[in-house]
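Novice: Go by the hints and put chain B with the ligands onto chain A.
2 protein chains.
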Amino acid sequence: MAPTMDTTTPTVDIKEMHEEAHPMKGGDDLNSYSQNSCYQRGVIDAAKIVIIEGVTEKLDLESNLSTFDPSKPFRIADFGCSTGPNTFFAMQNIVDAVAQKYKSLKENVPEFHVFFNDHVNNDFNILFRSLPQNREYFAAGVPGSFYTRVFPKASLHFAHCSYALHWLSKVPMEIQDKNSPAFNKGRIHYTGTEKHAVKAYFGQFQKDMITFLKARAQEIVGGGLMIIQIPGLPSGEVLFSRTGAGMLHFLLGSSLMELVGLGIISEESVDSFNLPQYHPSIEELEMVIEMNNGFTLEKVGALNHPMKNLPFDVQMTSLQVRAVMEGILTDHFGEKILDQLFEIYTKKLQENYNVFDKEIRRDADLFLVLRRKSN
Amino acid sequence: MAPTMDTTTPTVDIKEMHEEAHPMKGGDDLNSYSQNSCYQRGVIDAAKIVIIEGVTEKLDLESNLSTFDPSKPFRIADFGCSTGPNTFFAMQNIVDAVAQKYKSLKENVPEFHVFFNDHVNNDFNILFRSLPQNREYFAAGVPGSFYTRVFPKASLHFAHCSYALHWLSKVPMEIQDKNSPAFNKGRIHYTGTEKHAVKAYFGQFQKDMITFLKARAQEIVGGGLMIIQIPGLPSGEVLFSRTGAGMLHFLLGSSLMELVGLGIISEESVDSFNLPQYHPSIEELEMVIEMNNGFTLEKVGALNHPMKNLPFDVQMTSLQVRAVMEGILTDHFGEKILDQLFEIYTKKLQENYNVFDKEIRRDADLFLVLRRKSN
Ligand SMILES: Nc1ncnc2c1ncn2[C@@H]1O[C@H](CSCC[C@H](N)C(=O)O)[C@@H](O)[C@H]1O
Ligand SMILES: Nc1ncnc2c1ncn2[C@@H]1O[C@H](CSCC[C@H](N)C(=O)O)[C@@H](O)[C@H]1O
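Protein chains in written order, with UniProt numbering: chain A, 1 to 375; chain B, 1 to 375.
Same shape as in the complex, but just chain A (with noise of 0.2 Å):
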């Protein structure tokens, strides 16, 4: 007979808090996120000279050489990874600039542990069966919502999160509440002129960036660095529906109206939906972090897109929005309008080309380089 066992352990508070997960297209077809997302990729590459700065300048090796051993294994986490191939890049790009960074030491260069975490509905299996082949790191995949723990403490030297911390836990409630000022008829995002809306989103990501850095805290040794992209709000600018972002969300609600408008949907059902997603801006940024105080605010500021300076491409826009939205989409209005709706948005796009030309376009794609405090 087994002997009995004491198996209170003290629980780690890894459960998954009531949340919405809309992980981006999966597999790799002609639709698929890891197919569309090319201007996420731009992000990443705009993105590689701040990992090298902030590597180069931040990341202080020389005087923390217990927590960097480089006999130890040196893991960085990529919170929010999708299904590939733009987390591969990134994570080639930490690598690289990390390696770098101990060699000019004169130091030995760790063993890599690169740590993919996305939603537990992501598509883990096409992430996996498309890992390069030659990297330079162990790979492991991580389950779970980054708005919980899902590390243990103090155990990541590094960690990053392109283009996912906009996503929030849920709309919030007052959105889809008929006797809410903040009610979004009509509408599925907010355009930036509707007060309590724009209070209730910014409510919204307050409270789930408090939670992020919460986490991240814990999981991050003293002195590791976390580099963050956001889709944001340009400086000076109020209006998100000025933004690129912006006028795709706001198109997308009006495509949406206009199956209303042919008896396909119902009002109600465009009323009831809302995306979670908060754009903020460097201002709102730094007042969460502040409000953390586990991490200081290194750098800040706004990424150069490659694709800045490039005509705006109707067809392939209209692909990468369906790739990020066709899992919500489908799970509010069921998949059989995603032909129809995508075809009115591709001919929105088009007749709205002249207010995505890139005078009017205003894109910001945020950085951050935050150190986590060694207290």
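Please keep in mind that the hints were generated in silico from the structure rather than gathered at the bench.
All clues stand as given, with none of them false.
If chains are identical, the list can't say which one is meant, so a pair holds when it fits in one copy or spans any two.
Only pairs whose alpha carbons sit at most 30 Å apart, straight line, appear in this in silico DSS-like list of lysine-lysine:
#, residue 1, residue 2
1, Lys-153, Lys-58
2, Lys-103, Lys-72
3, Lys-48, Lys-153
4, Lys-214, Lys-103
Specialist: Below, chain B with the ligands without anything else, positioned relative to chain A:
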């Protein structure tokens, strides 16, 4: 412009060698491994006592508190985890036993980080989605063959491998070579009487085990334990065909030959199909462990499988064999033959009911408790 970087980080040897991969049937439907692995579950249950005793007697935390520092994560890996749920029971058993050990020493209990390893084409999506909600550990998936390095140096405190190491990295070449005395005509595995075939199979097993132990010796910290369960040959027996697995394989081979008789598949195709499995004796295991020299063999023996005393269940056994073999059979023969093949197979199991009787069936589920030398 980005500064140019020296990217010649010393490459870790993590490339997959040319190797076969036959993961268990994914998903969670009626034919899946997750629904048809109760024999393997029995192994896990029987091994619980081995784990508890192994940890209690052989995991020397006291004199290694810097390696097993409870303020740092305690890392456990399951090699060849498949899709669950068996792996979850095994991991919980280990977590409980180790936590208990720390408590008995009046130490804090560390946070646990559990790594689930299997081939890259294993169904990790199902594995992740069925992770226990109330688990007391952080979870990660690790794709890649355990016949390669899959973890950084000295990063694991505990390794586990159940019912996986009998899978060879490939069928030994001689077995499929018409001109070799080991050529395995009309059979799909050895029965034990074909001297040359058995020798070729054992040679491959030896090579693979040495590769496995070498990789694990690098990954496991000095003093860390590795517990292995593997279907083997009962003590004193030389004929594999007298074990349950041996009989099951023999009858699968003759079912295939019946399809040849019916003109459904060619004799050639059966001759060129062989199972990449070896079921070793305790003596053979002792030999390879000694050759490796990185581990001490702390315990070895046969498990007391809870199903040993149950009547033989034809239908369940047929489903189990199918969940395990469907992948490898489909790769070679195509999907079309499966239903008919397993109809014939079930009939044959029925006809041989008496042979499977518990008096005659002489299974041996072996276990090993190894300890990484501290050198
Ligand atoms: N709470 C959360 N936890 C983990 N992943 C999340 C998340 N919220 C959103 N995500 C993930 O964030 C990803 C955004 S897409 C961006 C993917 C990748 N970083 C790239 O740059 O290409 C999606 O895969 C989505 O599932
Ligand atoms: N070289 C290898 N590397 C990793 N996994 C392997 C492997 N060879 C076989 N396996 C895996 O070993 C598993 C055997 S089935 C046993 C699963 C589980 N341990 C249980 O006890 O239920 C399969 O999932 C198979 O894919």
